[in-house]
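The listed protein sequences derive, respectively, from chains Z and B.
If you use my numbering, the first sequence corresponds to residues 3 to 488, in order.
If you use my numbering, the second sequence corresponds to residues 12 to 416, in order.
None of these hints come from the bench; they were simulated from the model.
Hints should not be assumed to be uniformly reliable.
With a straight-line cut-off of 30 Å between C-alpha atoms, the simulated BS3-like cross-links for lysine-lysine are [unchecked claim]:
1) Lys-449(Z) x Lys-14(B)
2) Lys-365(B) x Lys-184(Z)
3) Lys-396(Z) x Lys-347(Z)
Pulled a few chain B residues facing chain Z out of the computed Cβ check, cut under 8 Å [stated by the list, open to error]:
4) Thr-18
5) Leu-21
6) Ile-63
7) Ala-70
8) Asn-85
9) Lys-98
10) Pro-163
Glycine residues also receive a C-beta, built at the ideal position from the N, C-alpha and C atoms.
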Amino acid sequence: MLFSSLIFILCFLPVVTILYYTVFRFSRKLQNVLLLFSSLGFYAWGEPWFVLIMIVSIFFNWFFGLMISKFKTRKVAERAIIILMLLFNISIIFVFKYLMFTIDNLNRFFKMDITTLHIILPIGISFFTFQAISYVIDIYRGKGMAQKNPLNVGLYISFFPQLIAGPIVRYETVADQIMNRKETISGFSEGVTRFLVGFSKKILLANNFALLADKAFSVQSDQLSFSFAWFGAICYTLQIYFDFSGYSDMAIGLGRMFGFKFPENFNYPYISKSTTEFWRRWHISLGSWFRDYVYFPLGGSRFNNKARLVFNLLVVWSLTGLWHGANWTFILWGLLYFVSISTEKLTGFEKIGETKGYSFSISFLKHTYTLCLVMFGWVLFRAENISYAFDYMKAMLSFGSGPFVDTNTFVYFNENWVFIICGILFSMPLGKTFNRWLYNDKKNKTKNAFIYIWPFIYSLGLISLFLICMSYLVKGSYNPFIYFNF
Amino acid sequence: MLKDKLTALLFILVTTGLIAGMFTYEDNRPIQDFLDEYRSTVAEGTPVIDRIIGAVDAAEIIMIRDTYRRSDFNEFFGFVQKSLGKKILQDPEYDQIYKTTDNQIIFSAKKRSVEPAIRSIVELKKELDKAGIPLLYVQAPFKVSKTEQTLPLNITDYADSNADNFLEGLKENNIEYLDLRPFLRDGEKTQNELFFDTDHHWRIETAFEATWLIGDLLNKEYGFSIDEKLMNLESYHVKTYKNFFQGSMGRRVGVIYGGIDDFTLITPDFPTNLTVERHDKSYDEVSTGPFEDSMLVKSNLDENKPIDTNRYAVYRGDNAELVFKNNLDAANSVILIKDSFGLPVYSFLAPAIKITSALDMRYFDKNVVEYAKENNPDVVIIMYNADSFNDEMFNFKLDQGGKNE
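Here chain Z stands alone, though its shape is the one from the complex:
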């Protein structure tokens, strides 16, 4: 089930919320059971078989957690359990996500003749498997207690707000909240507001950008113009940000409505001045997961040996690329960030221009470099295959065989300039700046008057956006789900 669907908004969410705060309100255990079974139903919606995979994952990881807890003082046994757990979880993800890709490549590169399988990828498998790994490792590291009740592990792994598109919530973050969270009217209200912000981002901005990006990426590479290639790349850059951050906003908001506090997942990544900074702001929960569960255990950047640092980065970024999908485009996309981030780390790129005396132009150049690299990265990420990605990039660099400008660019820009301007503006922290401006200078009388009416303007504005979104959903407008590969 998608958050951006009528069935979720008008059926699933109201029913679960009402039951949670009425019939089940007197027992935390019952509330958790309600959330667990609702989550399994949410996941089973559309593809009922896949829920069995999740249940198997829940059961085994609950068992691994208990075993870790039991053998707390026996390091060898503990490590053996961790290895078993990793083998189990990686096997699940490998079979469903990477087996076909592996067979295809063995057949292609080693002239083998292994029968190609057709395995359907369960939605969100990478998200819930990473959460499951986090559960056992956090117990191993003493950052959370093992849950005796498998239903609680089930709730942690399958909780519907973050199930299919993140954020990847670590066990240490919510271990205590499973039994001891606190629901408040303020928290619930904040959750609703956050959900509506995400909902509007997804329906109004991301879905519109998706249409434009799809148009650009469906043009044959020899007919793609320079202008439309850039237009498509910009639209995809905006689409993936508003789609992904919109989903995260909805997830964080929904969690808040039920008393959970999830970590932030996006922090205006497109204002970054380096790709290293970009990854501190983009899909934060994934970046920090790889940092804490892969990069640091490998030794991180504590080595004096630069080759080892580069090797660690290579491992992390290859895995990051592969996590996003079983395709060479994703692997290459990960390697692109390996190259840029390694280079930045080795050259101290982030510190350039940070000391006093450097001009605005350096900052601007760093920002331009980052955005360009990110956009070229998104082309690689979005393209069906590497060949098309390179042809697309050639068009962006004006080396393609298509014209320089075409009518597509003119027409689609003319049709969508409002969305594009809104997209660019809202990808910057204007809201934060506005709030600072509004609430900091209390002496300004005009501003004080505005502070009184601002909540009314804001809430009416957001509800109007919600109604516009509903009109799009009722119309059956384009509403893609772009995380099937994840």
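Please arrange chain B on chain Z, whose structure you already have, making use of the hints.
Coordinates of chain B only, in the frame set by chain Z:
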């Protein structure tokens, strides 16, 4: 914070209203509708998992279909698109629909290979020649013309070029045709006068003109004796209903975005008496009377009915095989193989000749040649608009041997 609490309160009010409205609004019965939808799509004995998937699909369909004030949401959507100055709108069925420079709503016709259609019609011609029955193809226009770029600049409509290629094929194979496009688009009428703004069909006045362009050719080339007076609008009663019709395109975008059309009803102002036979797969139906009673589906003109009622189908809008027998003094007979553009055409033709049979190949499942042999018309006419070059329309069921029952 206050803004969050206000937002949450409004959200709860709005969603509660939408849910309550879904169950109480007019004839909404979401649970019954869900069960009906489920039973209509999931057969008995279906495996459990497929039943669950069927139930999920049914629930999602009903959620959209039974949304409280769905048409108001549609209008709101149109209002938003209009405010944004959008000329290209997403549509679940057509992918995109457009507002033209003439303020008309339409989709664009795709480029098609017309070779299969040419092969099919050549085969039909060969078989009809053996039976001594002439064949005439009539090319009706599509709403978008190649002569002027009325769609957004990057959108190409292929209807006219498909039709040109098809007619070229007919010419090479010596099949007679009448291309209505240059006659109708001779500059006398504007695009808005030729076609409805909110529907993809031609206006009734345009269909009337087209009918008598065909009638004139039938008289001159096919030995027909249609009274010239009947080809003159002065012999007809013309009534225009103002702001009366929201066509199939307009329904997708709402009145605020797409507007409303006037609808003109043209009926004979001379004595008529027709017997209409309707042959469907399951049952036959016969009615006799003057044009107004036998030909018109008057309920489609009911002023109390919603604006999106299909007024165009007042002219016997039907997919079944229709046979119109003129009980007054007249001669000649025609089998008209048609798409929906043919509704007013057979309606105007029927009172002027003896027998008019109308077939829609999407629904007619008998061998057309056998049908023609049985009915022995003076001519078989195929009339399609320029966006009808698909296998379904040109499948004349010639492989179905033997006589039709």
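Hint-by-hint comparison with the structure:
no.: 1; hint: Lys-449(Z) x Lys-14(B); result: holds (16 Å)
no.: 2; hint: Lys-365(B) x Lys-184(Z); result: violated (83 Å)
no.: 3; hint: Lys-396(Z) x Lys-347(Z); result: holds (28 Å)
no.: 4; hint: Thr-18; result: holds (4 Å)
no.: 5; hint: Leu-21; result: holds (4 Å)
no.: 6; hint: Ile-63; result: holds (5 Å)
no.: 7; hint: Ala-70; result: holds (6 Å)
no.: 8; hint: Asn-85; result: holds (7 Å)
no.: 9; hint: Lys-98; result: holds (6 Å)
no.: 10; hint: Pro-163; result: holds (5 Å)
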